[in-house]
Each structure stands twice: as C-alpha cells, then as structure tokens.
Amino acid sequence: MTIFEISKSGRIGFQLPDNNIDDFELEIPEHLIRKDKPRLPEVSEVDVVRHYTNLALKNYSVDVGFYPLGSCTMKYNPKINEKMATLDGFTMIHPYQPIETVQGALKLMYELKNMLCEITGMDDLSLQPAAGAHGELTGILIARAYHLSRGDIKRTKAIVPDSAHGTNPASARMAGFDVIEIKSGPDGRIDLNELEKALNEEVAVLMLTNPNTLGLFEKDIYKISKMVHDAGALLYYDGANLNALLGRTRPGDMGFDIVHLNLHKTFSTPHGMGGPGSGPVGVKKHLVKFLPIPEIIFENGNYKLNYDKPESIGMIRSFYGNFSIMVRAYTYIKTMGNDGLKHIGNMAVLNANYLRKKIEKIMPIAYPGVCMHEFVSTCEKLTKETGVKALDIAKRLLDYGVHAPTMYFPLIVHEDFMIEPTETESKDTLDNFAKILEKIFNEARENPELVKNAPYNTPVKRLDDVTASRKPIFKFKFEG
Amino acid sequence: MTIFEISKSGRIGFQLPDNNIDDFELEIPEHLIRKDKPRLPEVSEVDVVRHYTNLALKNYSVDVGFYPLGSCTMKYNPKINEKMATLDGFTMIHPYQPIETVQGALKLMYELKNMLCEITGMDDLSLQPAAGAHGELTGILIARAYHLSRGDIKRTKAIVPDSAHGTNPASARMAGFDVIEIKSGPDGRIDLNELEKALNEEVAVLMLTNPNTLGLFEKDIYKISKMVHDAGALLYYDGANLNALLGRTRPGDMGFDIVHLNLHKTFSTPHGMGGPGSGPVGVKKHLVKFLPIPEIIFENGNYKLNYDKPESIGMIRSFYGNFSIMVRAYTYIKTMGNDGLKHIGNMAVLNANYLRKKIEKIMPIAYPGVCMHEFVSTCEKLTKETGVKALDIAKRLLDYGVHAPTMYFPLIVHEDFMIEPTETESKDTLDNFAKILEKIFNEARENPELVKNAPYNTPVKRLDDVTASRKPIFKFKFEG
Amino acid sequence: MHKYIPHTEKEIEEMLKEIGVSTIEDLYVNVPKTIENYKLENGKDEFTVKKEIVKLSKQNKVFELENIFIGAGIYYHYIPTIVETLSNKQNFVTAYTPYQAEVSQGTLQALFEYQTMMCELTGMEVANSSMYDGATALAEAILMAVRINGKRKILISSAINPEYLSVSETYCKPQNVHLEKIKWSETGTIDLEELKNKIDDETSAVVVGYPNFFGIIEDLKMIKELLPEKILFIVVSEPISLSILEAPGKFGADIVVGEGQALGVTPNFGGPGIGFFTTREKYVRKMPGRIIGETKDVEGKKGYIMILQTREQHIRRGKATSNICSNHALMALVNAIYISTMGPEGLKKVAKMSYNASHYLARKLEEKGYKKVFDGPFFNEFLFDAGEDYISKWHKLTEEGILGPLPLEIVLPQFKNNALACCTEVNTKESIENLLKYF
Amino acid sequence: MHKYIPHTEKEIEEMLKEIGVSTIEDLYVNVPKTIENYKLENGKDEFTVKKEIVKLSKQNKVFELENIFIGAGIYYHYIPTIVETLSNKQNFVTAYTPYQAEVSQGTLQALFEYQTMMCELTGMEVANSSMYDGATALAEAILMAVRINGKRKILISSAINPEYLSVSETYCKPQNVHLEKIKWSETGTIDLEELKNKIDDETSAVVVGYPNFFGIIEDLKMIKELLPEKILFIVVSEPISLSILEAPGKFGADIVVGEGQALGVTPNFGGPGIGFFTTREKYVRKMPGRIIGETKDVEGKKGYIMILQTREQHIRRGKATSNICSNHALMALVNAIYISTMGPEGLKKVAKMSYNASHYLARKLEEKGYKKVFDGPFFNEFLFDAGEDYISKWHKLTEEGILGPLPLEIVLPQFKNNALACCTEVNTKESIENLLKYF
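As you go down the protein sequences, you meet chains P, F, U and Y in turn. The C-terminal residue of the first sequence carries number 480 in this note's numbering, and the numbering is unbroken. The C-terminal residue of the second sequence carries number 1480 in this note's numbering, and the numbering is unbroken. The C-terminal residue of the third sequence carries number 2439 in this note's numbering, and the numbering is unbroken. The C-terminal residue of the fourth sequence carries number 3439 in this note's numbering, and the numbering is unbroken.
Chain P extracted, bound-state conformation:
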C-alpha cells in the first residue's frame, strides 16, 4: 500500500510550537498564491513509522548479508562512522557561518584532503564532487582546462577502454569531449597497439580504471603512462577499484595525473540506496590550479576557504561537497590507519581470488588467472545448454538470501557476473555463496524453468520491466 492510500483527510502527524507571531496577510499577488492543496499524505505519526518500517523490511542491504556487486565495493559500513556523522556539531552548521565558527569542520576536511592525497599519491585534492561520476566530470574538466590553458585547443577527444564504467564516456561527453572507445586485448587489458593508434594530438586524456572492471591489473601501466604523456595527453584514474591497490601502489606512483575516489566504495561510507556518495578528485602539481573552488587552506593557524583561483574550473556543486560523507570517510581512515589500509588491500584481493577459485569450477571465469579485487564469470555455456541466463541466476540467488553480483557488465563479456566480495566478507560467506551458486547451476540443468521463474521468496516475484518502461507510470495515480 502506498502512503497515499493510507492517507485520510484531516489526519495529522506533525506538531509545531507557537512562535507567538501574529498571522500576516499574504502580500503576494493573488495569482501567485497557491489555490489547490497538494495531494500529500495526511497520516498520523504511527502511520509514518509503520509505512517506512515495512518498506525497510523489504530491502536487502549490506547489513543483511553478502552484496557482491562488482565495482561497487559493497563493504561493511561501520556504525561508528554513522554516529560521528550525526553529531550536532557537524549536521547543524550552515555553510555560510562565520569561518571562525566552523574551524572543526574545515580542519576535518583539510586533514581528509591530505590523507587522501597521501593514499593516492597526488599533490592536492578537492572534496567537492558529490559522487564518482561527478568526480569524473570534475577531473575531465580539469584536463580540459589544462590543455586550454596551454593554448592546446585541438585536444577534443577522450580515450576510454571498452571495459570502462558507463560513467566514463558519459562524463567525458559532458565535459565536451568526443569519446574514442578502444578495444581490450585478448588478455582483458588495454591493447597497446589500439592505444597507440588512438593516441594523437587531438587526444586530451585517457581514462583508465586500474584494476579494470575485469578485476585485472593493467600491467603495462608504466608503458601506458609514458605513451599517453608522450602524446601530450593526461592520464586519468577512475578510483572505483582503488580498494585492490591499498597498501601496494598509488595512482600517483603509476603516473596518473588526475584521480577520482569514491568515498562510498573504498572508504566504507554507505551507499544510501543510491547515494549520497562523495567523489573527491586529486591531481598532480601541474593541475592544482585548475581544481574547483573553493579550496580549503590553512594559514596562520586558521582554516580558510579560498575562492580566488582564476584558473579553476569553477564550482562543480554548491558549497563544499557532501560533508557528512566526508566525516564518515575521515572516521574510517582514522580507524583503519596505515596498517589497516594495507590489510584491506590484501584481504580484498585474497577474497576475490579465493572466491574465483571456488567459482571457476561452476561458472567459468572470463579471463582466468590471478585477479585483483573482483573477477568476471560467465554462464554463456549454461545459457546455450539450458536457456537459463545470468539474469535468471541472479534472481534465483535472491531466493537464497544473497544479493546478485553486477550483471551484464562489462559489455565485452556476455551472460556474465562481475563479482567483488570486498575484504569484510568471511571465508564462510564466500564458501556459502559458491555453494548456493553450484546449487543453482544444478537446478538450471535439472529444472531450468525453476530458475527462469525465480525469485519466489522475495516481497514481490519477478517484475515486468519491459512494460514498466514502455508504458511508464511515473507517479501514484490519485483517484478522481
């Protein structure tokens, strides 16, 4: 039942104190005064509580169980982070408060910025972008500004491998670039010949996810870096998969000029049903002046905001970014520290390889061999044999109480799962997942219809997404 159907005219769920101010007549032109009451819920407090409590019960989440979405790094979200982010001193401050009254917040941001620079090997960083894709846009705008500042106006192209996240080409386009997609080599990595062919004086930037979405490390990264830089272009690091490299190497060390991070992936901030995340962007020295405004500086013992950066790409969103998310990431980095961060990388890679090994007998690995934090499996053979698709297996997984991996991505593999366990999952959880997957493959062979019609044990059965988009219903249809 929707909240609109629970609504009853005249019921209330609010109370407000009196402010002791007499009612003013509206001094607004009559035609600008609202006539019709919006059809919003009229419900009691109990109604609200039960409605959202029951909705929450219909959600799978990391707190409920394994959530192996590839490239999403659905690690455990520590509760101390939540506690810290909801301290009054953080939630109740206004972005325009006098600077001397928000020194704690600025200090936190300044320190976070420096910690992230250290972790990425970059020279400066902006916390303003609100999400990963937003960080990408910011980063590519910086690349654009860089070339323009040098008068290098013909660089209108961005190279993106075909294994890249969909946001990469989209962000490049939003930054005004034409996108050149290059094919991966047979080993799932960038084909250096392809890259060579694509690189020229019109190329502004190569966007790379490393490890890439197949979970493979671009082992020629130093070569790639040299090729890109020799061509006068910049090298961009999509930080979605940084988790794998923690404690081992840094984008800056590999030659990247620009990097965006996802605080909601590597740094454990919750995914919030789709956001808010946070997508800080770090750059090497030669690009610092192009970072968004304002920058946070520390001067004479005080933290300040500097808007005076004439070559900056400008503001990429209002104010300073998703501050509450920064508090969570800050808490996390303080909690993990140098030793903890190193342990994360190791265990994330260990988990992925262990699970890969368990699964390869069931669902072949697209690019066999050692992987990083994730790997891609395909059920193409099973699909041919039984008609059971990756989608069906995904739905059947839900019946067994685990979330499905990322499906049908990257596009260069078919009927595939992209599986990222993260370091916070135990061996037992991985064993259990492999066992379930095996069970489903057996079901698919013995009784394909069973799997094709899954799920059964979920709040709703399989939903019709085709009609949903063909004859879209965008909002509740009120009666009358």
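Everything labelled a hint here was simulated from the structure, so no lab data went into it. Yeah, the Cβ is synthetic: ideal placement off N, Cα and C, and Gly gets one too. Hints are supplied without guarantee of correctness; some may be wrong.
[What the hints assert, rightly or not] Per the computed footprint, the stretches of chain Y lying under chain F, defined by three or more beta-carbons under 8 Å from a beta-carbon of chain F, are:
| no. | stretch |
| --- | --- |
| 1 | 3004-3017 |
| 2 | 3091-3104 |
| 3 | 3127-3137 |
| 4 | 3194-3206 |
| 5 | 3214-3226 |
| 6 | 3330-3336 |
Mind docking chains F, U and Y on chain P? Use the hints.
Relative to chain P, chains F, U and Y alone:
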C-alpha cells in the same frame, strides 16, 4: 544459525584503547583463576551486525503493525521518548554521583512522581518498582506494613477476583498472603455477595483491576470500596488497565488506597521484548510512610534522596528504579498533557467499542454490551463445530500480518481472545483486523485443516512447545 | 586482525592453499609495490577515534535554532524525530541502487512516492529520484533544455542563487552553452524589459528563481507570457514556499528544479542536500537521472522498478542524458518521510509561520529605519541595508549566540553592508526581538 | 486531533454510529466522571518538550569516562557503537513478550543465546532470560533456595552489596525467611569461622559475593567445603570479573546471580540494568523467570519458544515460582550483543585492564600512605582509608571533572573516611595520575 555457529576461533569484533598501564601479574590464589575460556562468540563486527539485523527482521513489533494484546496496551511508542531517554545526561550518570551533580535527573523524577499522583489521585508515589508485578508486590507489602503497624496481625489474606491478572495472586503470595479467589458474577464483574462472604477481619486487601480484564468497569466500585474499608481492609488498584479511565476518573477518586501503574502500558514506554518496564506505586496519605526508600524530596531548592523512613517497607530494588523508562514516560506526559491524556481515554474506549461491534458478528463477545478499553471474544462455538481453536486462529492471524490478541485469558472464558486496540490505532486498522478475522472464520468452516496448521508465512512454522518443555534444551549445545 | 576484517591467520592459510599460491604477494602479479607505508598514523580503536572527532565537532559552533537568521539556500526547519529514526534504518542506509528490484521494494516504493510528492508540490508531471543538489539540478536542467530544442543560449536571471549560477557556468562552458544573465529590476524581480529584448531564435530556455535568491517572488505568469512556445521555461524553486505559492506547473513551467534540503534534511555544512528535478512527461526521455516506475510482478502484484534506463550512462554510455549514477536517494527518502509526517497542513503551517516571522522582522527593521533593498513581494527572505560595517557586527553577533542575517557581500561583493535575512518557523517573536536589540 | 491518535472528526462520527451511540459519553456507562481536568499543563509539541528535557539532562554532570573511579554495583566500561545501533532496532524495542513464538524468533533466539552466554560465564547449566537487577535476582535466588529445601534461614555475607541486602530483606521478611549476616574477616572475605559455626539444620543457603562489595575475591572453594550437601550455595557475581576468575559453577555453586549492567548497558542512573540468574538443571522447575528453549517447527526446522511456563504466574497464579512477568529482556539483548562483540578475548582484556588499572591505583595510593582497609585479593575495586573529611574532597573533585572513589560512609556509615575505588579499562594511567594529584 546461532551466533555460536558463526563463531570462528581467533576472529575479533572489538578494539580497545591502550590505558598505558603495565600488566600486573594476578595476585589471586591459583585455584580462583579461570582456566577454561568461556565458549563465547568470536566474530567480526560485520558478523555481529548481520546476526542481530537478521534476528530483528524475524520479530513482529508495534512498529510493524497492529498488536492487539489485551491488557498489555500495546500503543505506539513515540520516538521522541527514545531520543530523550538516550541523552548522555541521563544514560551516563551514576546512581551514587554527588547529589548536586544529578539535580536534573532528580527533578525529572520528582515531577514525574507528582504528575502520576495527579493522574491517579494519590498523595505520594514511589518510582522504584521495575515492572507491573513488581509494583504489585510493593503495593501489597505496603498493605501488609500498614496492618502490622496498627498491630492488626491477623490479616493474612488477600482477595483477588478470578478475572485478575496472574500476577495479582502471585504477588500477594510473595508478600506472604493467602489468596482468596472470588468468582465473578454473571455480568463479568465482582459478585458483591461473594465479596461480602469473603470479607472478614483476616482480609488485608482486595486487589482489583478496574476496568477488569473483561474490559468491564466495576460499576459498584463505590460500594466495593465502602465494603472493603468497612471490613478494615485496603483497596488495591492494578493499573494495567488505567488507559481506559484517563480523563474521566482516578483510582484515588474511586476509593483505592494503593495503585500501581505500568509506564510501559498507559504511558507509552516500549515493551522491549518483555521489559524493562516500570511499575510506580502510589498511595493515599495514610500509607505514605510505608513507601519504599529512598524517597525523592525537594527541600530548600534542592532535590534530595531521603532514606530515613523507619516504617518504610524498605528497598524493593537497587537504586531508584528504571530511570530511563521514567524519562520516556515523562516525555510522553509532557507531550500529551492534560488535553492529550483526556483524548487518549476517549479514543481507547471508542476503538475498543468499535472493534467489538465489528467483531461481535464474527466471534461472539463473552460479556456483551459497552466495554471499556478491551473486550473478550470467544470462538467456543466454532471450536465445537470445526475443531479450530482460538490458538489456531491466533496462528492464522500471523499469516495475515497482524499479531494475535491475548489468548485463553481471563480463565473464566474459554477459547477466547482478549482484544485491546489502544487509541493509537486507526479505524482502517480495526476494519482490516475485523476483515481478516472474518476471513479466517470462513476458512475455519470451509477448510479447518488450513487454519489448524497455520502459520505458513512466518520465519518458522508452528513450533512444538510440548516437547520443548518436556525435553527442555536450555542453551546451545556446543560440539565436542 | 581487525574487527572489520574477519580473516583469521588459519583461514588466510587455507584460502591461499585453495588458490594455489603460497603468499599474499603471489596474488599481485605485475603490480608494482611502490609504497611500504602510508605517511598516516596506524589505526585507532573506535573510542579513541570518537573522542578525537567529537572534539572536532565541538570546534564548530551550533546555534540555538531560534537564533538562526541565515538561509541563502540552506534552511533550518524543525525536523520531527521520526525523520531521523526512520531514515537511519540501516536497511535503507546500507542498500545500493535497486538493481535487483525484487529485494529493493523498500527503496523503490519510497522513491516512487517521493517522485509523486515532488510532482504534487511543483505541479509537474514527472520527477526523477534525485540529483546532487539544487545547483547541479539547475545545470542539468539547462543542458536538458539544450538537448530538447538544440539552441545554446540561456537567459538566466541574475537573481538566481550565485552558487547555482557558478555551477551552471561550469557545466555549460564545455558544451558551448551560453548563459546570458538578465539583470534584476528595482523590485528585485527579473527585468522583464531586458528579458523581452534578449529573447531571440537562439534562445533555448529562460531561468528564474521562485522565490529568487533575494527571497523575491517572481511573477511566473508574466514571464511565461513573454516566452515563445519553443523556449523552455525553467524555474528554480524552494519547496517549502510551494505550500503558499502557486505551483510553477500551473504557469506552464517546463522544468522545475531546486534544493530539497529544507524538507527534513539537516544543513550538514551544505551537503548532502538533494536536488529535485521535475518536468513534463513529454520531455521525460531527455531527462537526466534515475526514474522509478510502477509495474507488476508475474503474479500481477504491484511493484516498483527503475524505468527508462536507456537514457542512463550504464546503458547509453557516451550518449546518455547525463553521467549521473550515484545520486542522493537517501535524502529523497528523508524528504518523503518529512513530507509524510508534516502533510499538506504541516507544510503549509511551516510556510506560513516562516512568512509571518520574516515579515515581522522586516517590519520591525523598517520601523527602526533599516530599509529593504527590494520592495517586491517576498516569501521568507529579504535583503536590507544593515548599516556601516555590518560584517563586523555579524561576526560579533555569534558571540551573543546569534547567527545573524548573511552579509551578502561575502557572496556578492556589490551588496556592501546589505544583509540577507531569513526566518522560518523556528524563529520566535522573542528571538526576533532579541536580534533586534543589536540593530 | 493529535499526531499520536489518528482519529479524524469524521471517523469518530462514523465509529459512534457503527457502535450505535451518539456520543463518546454514552460509552462510559456507570463510570463516574470525577475529573474535568488534570492539574497538568496541556500537551506540548515535540520540539518544545525536547528543549525542556535536554535542559534537564544538562543539569546532570557527565564525567569523562577516564575520570570516573566509582563502581559499587554500577560500572563504566567502553560500549562499542554497534551495541547501541543494534539494540535500538525498533523491531526489538517495540515487541513484547514472545507469546507468538512464530513471529518472535528474533527475541527468542537472542534470549536463548543470552542464556547460553550467561551459563558459559558462570559455569552453570541453565539461565533464565533476565531479572530486574542484581538485587532482586539475589532476593529471588534466596526464595528459590527456600522453595528447594524448605528451610528458612539464610547465612549471608555482610560484604554483599548493601542494596542487595536491603532488597533481600524486603523480599524475605513477609515470607518469614530469616537473613543472618556473617561478618567479614580482616582480609575482607567472609569470616569462615563464624559461617561454620552458624550452619545448622535450619540453614537453607549461604550467600557470598564474588567479588564481594569491597571488591574482595571470596574463596569459593573453601566456602563450599564447609557446606553440607543440602545447603544451597548462592554466589552473587560480577560478570566482567568472570573472564579472570574461575567460574562459580566449578566450585559447586547452586545459584549464581548478579547485575549484568557492566555488559554493555549504560549506567542509566542505576536503572534499567539487568539481573542475571543461573542455576543447575535439577533446580530449573523451582527457578523464577522466563526461560527460552530450543525446539522444532512442524517441518523440523529449528526454532525457539518459551518453555516451562507452568512455573510462571500467568499459568500457576498464586503457586508460581515468582510473580515476575515483565523482565529486562531488552537489556539481555544488550548483554548478548556486547558479549558477541567483545568475544572471550575482548572480555578478558577488559577484565585484565580493569584489574591492572585498579591495582596500579592501589599501589600508587599505598605509596602515598593511603592504606587499603582489607588486604584480601581484589578484582577491580578496593577500599582505602582516604583521610580526614574525604566526603568534602569527593564533592570538590567533581569540580575538577573527577568522579572520585565512593565515600563508603554514604552507604555504610561505619566506614567513615573510607573510599571504595573502582577502575576499569576506561581509566588511563594519565587519568589515574591526575586523580592522585588530589591525594
């Protein structure tokens, strides 16, 4: 899966700061030092979070839906109460802190005491008892102390109607009294003749729930009061059902000498899977000196604890009672106030009568006519016809997403439900409940086995309680 | 061993063995080892971390609600306790994008209801399930207009929130979309004459605030009347005001965007808030962002699912309507819970009390000789001449526990000694009188 | 109209009509109307209420954990954040007694696991799923012993927590159960000679603390050796200490009770805490309180359910083993979550750090000439002679932000100028040194 099965030797879920103190060797006789590690869970933080998150998902609760347990007053538990009760200034104070450092807490208790006196019409009150039954024990001990203080040592009996809560006779027994149960009259109320017969100089107290557990007001209450007092006994009010009388009359006004309240019923504090509750006890002037120690007093602008009450029954529990629960009740009374409290009584009675009216066509009312906050329905006829019992109907209700009412109580009715909707439920909820009940009655007639084997849609199916008590398993059986 | 990482030594051994390698190092084939240690402290326990961070939080000054007279895009309103209780449910917080709809009905239904609510408030036909903030929502609205009619000139009121203007510039520049600012009139509304003159064949859209950055209520009817059919009408609105002000949809707005923070989200030092984004159904395939639609499952039971994903980056890649992926869904939930709790009556009361309080303050200031800068109708914010060196007074007011009206020169230097005052339902007569003591 | 009460005027009319009456008054047949109004203020909105109550909360002084040196039954320990996050889940908080087991498996399993944990810690065979507090748990244990062997004399150590003694008196008096106190020896342990002499045919049970109220560790082995078989051995214990101290069950204790607050429950000004109660399986049918057992459902799936309810008041009424009905189940959940989080290693570390800190303080005090009153082995509390007018010093220490060792005379007047000091893992070397500055 139990937490013990998730456990893995060597896994940890804790962190502790260093206190910088060197390790001391244990200066304890060797045989007093623990040898075996207790078999407690060794799990990560994620394990703990998921375990308890999944357990919570297996619980029905007031926040999920209708919970019409008769005499339990499962009203909505406001969230502002929870917020207030968890303020550091309330949770982190020690009961032995210097009195000048806990003036806020004492003030809250003092004011709550006075508010509850006003609501019950009593002269003084102790907040110490931890639960309703604990309040009963306290109240009966006060009755005992009263008679003994007058040298009236032969009063060894307590009268309890057969419709009383089971705690009444149990509490009376714990206070050292013999219990005389008197039968209800045909109208479901105290039979004055029976009472007359039972009253004599050996009787110390009559324990009365008014309205009683049938949801009926003891209309002869003034007469009863006179009879009891004329016999030299005291009149005790079981406050479990006070919700019905809010805004209309007060135990003190009806002639009761002692009253216990359940803050977790009338005053909206949550039931916490079985507790903690709080069972304050109020008394009339002549009994004040017997109240438990310490009493909270206000003197020269300061709140103090007074232990110097020679005739007190003593301490009934450690310290001052369930303070956190008091904070919730205090918040609630402040929120409802005089006007809100009056509205509660009216709407609780309206809801019960409306639901009674809807249900009487389906499941006959044991004592027809206007009820107070609850009523008792019986399915005896259905049971005879179909073999389907009240228990089966209760289980089937769970399948439809509502909690079952109290069953098989009071003992004077058979195959019954005791139904208390409370004032926080909407007409829609009541209509829906009646509709479900009707559906189940139809199912019972058409397909009794369906109902007898319910529930089906619950985390477990019907549980074997007979074997559970015959061959009890009290704790997890560890392997090896 | 770490409490967030469950592996025991024994398990690590077993896992390496299963993989067929002898050490963790063997897993890093061809990965250069460029660092041994980060220049960071080692990890600390939660109690120590908590202590440090609580200390940081206390280095920020939190003002009593009633003493806050600042708005300018981020607003203080009463937030019912249950908004926090319910939106903090970890089954919401720790879920991700509802890729698996069957186990995400909580997310999906909540967002579907949110979309409905935003349509009701704005008078529009479709809403997406959130943007990052009001500023990026406007920027995306402008780019959407360009996609719809192919024109690249935007006439935008100079009285739009300057942060929104700035962000829109950042977004528009690389796509060669030109923002042409229209000045404000003496009443603080857009200069209709200039607007009229600047409309031409290259114009894609006209953007105004409602209320605008100065709190002034633009006359959407008159503006719309100036616009040829093909020019899109983009309105940047403030959702609380929409319980009093006629819905922009009623005036023929094509896209209505804004910042939803006022609807139950704490200020959070400016983020996260939430951008809302509504438009007409005919434009939906050009709209950025996620949309939740109603559908049925195989048994005919109602359910919700992400729809029209072919607009989005994960399907369309470079040809998507936007690059947005992670959005601000959790804040959309907060909005929905807040709106559900307040209801139409509560929202209206909030709007009216805000109106009353700000008009009371304005009147009292005028009685004291402080003149309003603009005399157009305003909702709950107004600009006034606060006198010599107001900026110093503003800093000093914080010592009295007052977060006073914003010295606008901080944001717009040309408004020297002008202050942008804001009142909402949290400001009482008493607190306003107290503020007035300093004027 | 109230936000907690959903009835609209229209619905009230409809409902009255359905009932067949014309006004609410008609429902109150024979109920006297004795009040028109309570002498209480009318209801207030949540924001006003919150403001008032936050103000009250601030009239209490909260000390920094490290500066708290008081115990005496209520202890400060580090409580991991998740204990609060998880135990606050409203599906736990707003559920009641698991009468309908099939929809209460969360409650039931958590309590079953709690029972197991308490058995493990105490070395006993069965635990109930909670009592109100340590004091009432002891009182009920005594009454249980009387039920078991029919004797009415209890030999109880005078070094038991005085609140427990007082409550036990209250419970025992009306049932003619006689508590005979055994004095303490010079080491602070029970006087074995006196105990031995007082044991007779009328003795039902012997009660000692472990550690006792003075923090001293009683020698359970020696005490047990004195007891004839029929006399029950009741041990009041402190659960944190049991990670270091041998489990009472190993010494033949028949009932082990205590206060569980230290296991993750905030001090709450003394309540709610939780009484734990464990015994031997052979006595289980005489045990008070709720017990959860494991069972199976009709399909053979494991599940949990309340068992042995025939002991309880709602079935047995006057013949029940106790009148307890509402208990402290939510705190049992807190205990279980805390224990799960800390694990055996964490608990042991807490115990050992507490031991270390208190012994460090004791040694330093001795170095300064402050003598311990008793020289028996202690866990984390000890009594020392704090010098002239310590009580004044104690009050003054609060101004330095220190909640100093308890002047025992407040509780036991005979201990003039003696202070009961307590350290746990929250006290650091630095905070102890700071405390010592005042001695």
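(message) Taking beta carbons only, do three or more residues of the stretch 3214-3226 of chain Y come closer than 8 Å to chain F?
(response) holds (count 4)
(message) Please verify the coverage claim for the stretch 3194-3206 of chain Y: does it have three or more residues whose C-beta sits within 8 Å of some C-beta in chain F?
(response) violated (count 0)
(request) Take the stretch 3091-3104 of chain Y, compare each residue's beta carbon with every beta carbon of chain F, and decide whether three or more fall closer than 8 Å. (result) holds (count 14)
(message) When I compare C-beta atoms, does the stretch 3004-3017 of chain Y have three or more residues closer than 8 Å to chain F?
(response) holds (count 9)
(message) So is the stretch 3127-3137 of chain Y in contact with chain F by the C-beta rule, three or more residues under 8 Å, or is the coverage claim wrong?
(response) It holds, with 8 qualifying residues against the three required.
(request) Establish whether the coverage given for the stretch 3330-3336 of chain Y by chain F is satisfied; the threshold is a Cβ-Cβ distance below 8 Å, and no fewer than three residues must meet it. (result) It holds, with 4 qualifying residues against the three required.
Hint 4 from the earlier list is the only one contradicted by this structure; the remaining hints agree with it.
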